[in-house]
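**Student:** Quick mapping for you: the protein sequence lines, in order, are chains A and B. Take the first sequence: its position 129, counted from the start at 1, is 129 in the numbering used here, and no numbers get skipped. Take the second sequence: its position 40, counted from the start at 1, is 40 in the numbering used here, and no numbers get skipped.
It should be emphasised that the hints constitute simulated quantities derived from the structure, not laboratory data. Check the hints yourself; a few may be wrong.
Said to hold, decoys possible - Beyond 10 Å from chain A on every Cβ pair, some chain B residues (computed):
| hint | residue |
| --- | --- |
| 1 | L16 |
| 2 | G79 |
| 3 | D99 |
| 4 | Q101 |
| 5 | G123 |
| 6 | F136 |
| 7 | P142 |
| 8 | F147 |
| 9 | A155 |
| 10 | P156 |
| 11 | Q162 |
| 12 | N168 |
| 13 | D201 |
Unchecked claim - Stretch by stretch, here's where chain A covers chain B in the computed footprint (C-beta under 8 Å, at least three residues):
| hint | region |
| --- | --- |
| 14 | 19-27 |
| 15 | 105-113 |
| 16 | 169-180 |
Even for Gly, the Cβ is constructed at its ideal location relative to N, Cα and C.
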Amino acid sequence: MTSTATKPAEPARDHFRFPLLVFVLVGCLVGLALGVFAAQHKPSGYALDIGGFSSPLYVKAWLTTFAAVLAVVQLLTAGRLYDAGAPTWTGTVHRWSGRVAVLLTVPVVVHCTYALGFWTYEPRVLVHSLLGCVFYGAFVTKMLILSRRGQPRWVLPVAGGVLFAALIALWLTSSLWVFTTTGFHF
Amino acid sequence: MSSRTPLITLGAVVVLTALLLVVNALIGPPPPPARSGAPVPAAANAPSPSASATASASAAPTTSTPAAVQAVYAGVTSGKEATLAIAVNGDKAAAYLCDGQSLEAWYQGTVTGDQVALAGANGAVLTGSISGSALFGTVSTPTGQSFPFSAAQAAPPAGVYQARVTLNGLATRIGWAVLPDGTEVGVAKVGDQERPAPTFDAATGSFTLDGTPGTAEQVNGSDTVVGG
Chain A
1 MTSTATKPAE
11 PARDHFRFPL
21 LVFVLVGCLV
31 GLALGVFAAQ
41 HKPSGYALDI
51 GGFSSPLYVK
61 AWLTTFAAVL
71 AVVQLLTAGR
81 LYDAGAPTWT
91 GTVHRWSGRV
101 AVLLTVPVVV
111 HCTYALGFWT
121 YEPRVLVHSL
131 LGCVFYGAFV
141 TKMLILSRRG
151 QPRWVLPVAG
161 GVLFAALIAL
171 WLTSSLWVFT
181 TTGFHF
Chain B
1 MSSRTPLITL
11 GAVVVLTALL
21 LVVNALIGPP
31 PPPARSGAPV
41 PAAANAPSPS
51 ASATASASAA
61 PTTSTPAAVQ
71 AVYAGVTSGK
81 EATLAIAVNG
91 DKAAAYLCDG
101 QSLEAWYQGT
111 VTGDQVALAG
121 ANGAVLTGSI
131 SGSALFGTVS
141 TPTGQSFPFS
151 AAQAAPPAGV
161 YQARVTLNGL
171 ATRIGWAVLP
181 DGTEVGVAKV
191 GDQERPAPTF
201 DAATGSFTLD
211 GTPGTAEQVN
221 GSDTVVGG
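For reference, chain B alone in the conformation it holds in the complex (with noise of 0.2 Å):
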């Protein structure tokens, strides 16, 4: 046997895997499915933002305010085109908005006085003020819309509850927002696809998605939602 041919086997696998690889980065146009795989990774592998977060969070009753408070809001635009809930805890705060058939974004930022400025993936922001106990705002999506908003500080089950499955080998985000009264309007993110999300067991946060069991938990404003 020649002893080249190895070596011309191995650079012909080189060669198609980095042909392949710039395809995929040349098919998407930046593409909006990466924000939703993207905080996963980050949150596993790096420890550092979950622990600077919990650092800022416990520092910030020392700093800024005598407590950390922690609220839940949770309200409709105004054209009822879509529901969202505000989950703030101290001076940070994450935020879940959906339609419960396609439409969704996550945003995460800073509460400052009675100013809430959020930010999500591809311009995605949410900004508000807090007047009492409720918050008015406009929030705007990855895709371009805008919509004023109202949301009024809630008690359990409201919140924001966000699982993690894996749904035939493609990595599943789902995310709710929950209103005072129970209703659970979500969407799951199976890959790049968005569906309505099943609804879950309030008192154990279980669900099952095309049979694949998950639990849904509850998002704490200080939480990373949105991905670097």
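Okay, chain A solo, but in the shape it has when bound (with noise of 0.2 Å):
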């Protein structure tokens, strides 16, 4: 089956290789442009709130963690979306759980953004800060990959990893440090 597939893919890569890099590219310029808004912007300190929790601290520390948790289903469901003998609704709970957590990430996002900013005084909140970059960086890169069909086969495991690892490190920087120093509660 390689020795077959390979040849095909030859044409297919080159392509691709063009689209491959604009996508990287406007990837690459929507996580700088958010990094820039974020350190540009005036910490306005407050941001609108969603009921139900104890602080809007918490808020953000449990859509994180939702988050989060629909990105492991996104990792089991993704290692088996090329698997023959998968269900077939396996490629519908990965998109729906995809959404379902990047939506959840949006209200995080905005008061990281508009209220907090872009910080750089500890090791944790750099790497956050840049974390939050990346992130959304690599969501609009895969988005507009899924966007072309016939891209070669690595390129989405790559776009798909990079994204579920920036979520999971964004969730140990945020969510786990707030449950570990300010407790554990909603």
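Both chains come to you apart, so use the hints to assemble them.
**Tutor:** Structure below.
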């Protein structure tokens, strides 16, 4: 299978090389724009609140936690997407868990960039700020890649892997930090 | 998989983000909270303000006065509503006013002859005149209150002190006006919430706020304390 599959894949990869470069560049620009906005915007110190939690901080911590759980679902379903024996709903679960996960992160990133901003004063905060930019850049790149067929097979796993790693690292540097320093509650 | 659904997802995320940003911009009537957080990124990202401040401070001795005079004035408002400290460095001055509970304001501006004219966020103004070792004047707060005050030239530890920490993920700025007897009156602004400041160690400047350690640093008259 490999020997027959590589030959037709050659023109496909060349055909995809330029769009892929553009998608990655667009993702980089989105990440950069997000970081510049977060750094330049005067931190308001407040943002729209979501009820049901003890504080805006915990809203963010839990939204990120739910997104991280869905990211694990993403990883598990992605592992079976190319498996012919996988249940037919695998792709549906993968797509919808991804959509819900990224939508859950939107109120978080808006609060992060609008109320707080891009900061560098300690390693955790610097890493978190950078990863936030990487995550949305990778998200945009992956959505653009998905919109085109015929890409080499390694492209999606790489984009998805970056996205998954960034989200889990974002969770580690924010939600886990909140739960361990301030307390584990809603 | 259809090739258009990822773009719809992307569009939905962009629309939701834009919507939340717009709502955020609308819910806060030009928020006073912005002023406390503002100076940090400005100072951190743009070296030019501090560079120009240093340049003008070092230029001051040659142009206006024979030597840059560094002095601290500390005092209280006439009704003892609030404590204030003013740091003067040559022709520049920075001041901090607070009641130790919830009222606070930062000011900065210039000293021309014996006249002090400082401004803060949201129309806050501090004006006064230096008479010998005393400074008399009027200070108004961002909330619209106005108090006459008197302050006396004071020796260390008197001065304006500030610190920045992060508390529960919220950018926190703490200011203190310290009187010559070592009394520290300060307010911590956590996000947009004011609360009494912790006391700091006079020798090292160290303090803890809800378990978060920090270091208070003395403000020089030419430091930038009010953000654009």
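**Student:** Does each hint hold? Answer for all of them.
**Tutor:** Structure-based check of all given hints:
The claim that L16 of chain B is not at the interface with chain A is violated, since a C-beta of that chain comes within 10 Å of its own (minimum 5 Å). For G79 of chain B, the shortest C-beta to C-beta distance to chain A comes to about 30 Å, beyond the 10 Å cut-off, and the non-interface label holds. In this structure D99 of chain B is separated from chain A by more than 10 Å, as the shortest Cβ-Cβ distance comes to about 20 Å. In this structure Q101 of chain B is separated from chain A by more than 10 Å, as the shortest Cβ-Cβ distance comes to about 19 Å.
Interface exclusion of G123 of chain B from chain A stands, the closest Cβ pair being 17 Å apart, more than 10 Å. At roughly 34 Å, the least C-beta separation between F136 of chain B and chain A is larger than 10 Å, which holds for a residue marked as non-interface. The beta carbon of P142 of chain B sits about 14 Å from the closest Cβ of chain A, which is more than 10 Å, so the claim that it is off the interface holds. No Cβ of chain A comes within 10 Å of the Cβ of F147 of chain B; the nearest lies about 26 Å off, and the non-interface call holds.
Non-interface call for A155 of chain B relative to chain A: holds, since the shortest CB-CB distance, roughly 32 Å, exceeds 10 Å. At the 10 Å boundary, the C-beta of P156 of chain B stays outside the reach of chain A, the nearest C-beta of that chain being 27 Å off. With a cut of 10 Å on Cβ distances, Q162 of chain B stays outside the contact zone with chain A, its closest approach being about 14 Å. Once the 10 Å rule is applied to beta carbons, N168 of chain B is inconsistent with being away from chain A; the minimum gap is 5 Å.
Its beta-carbon lying about 21 Å from the closest one in chain A, D201 of chain B satisfies the requirement of being farther than 10 Å from that chain. Against chain A, the region 19-27 of chain B contributes 5 residues with a C-beta closer than 8 Å to a partner C-beta. That satisfies the three-residue criterion, and the hint holds. With 0 residues bearing a CB less than 8 Å from a CB of chain A, the region 105-113 of chain B misses the requirement of three and the coverage assertion fails. Coverage of the region 169-180 of chain B by chain A holds. Counting CB-CB distances below 8 Å, 3 residues qualify, and the rule asks for three or more.
Violated hints, listed in ascending order, are 1, 12, 15; each of the other numbered hints is respected by the structure.
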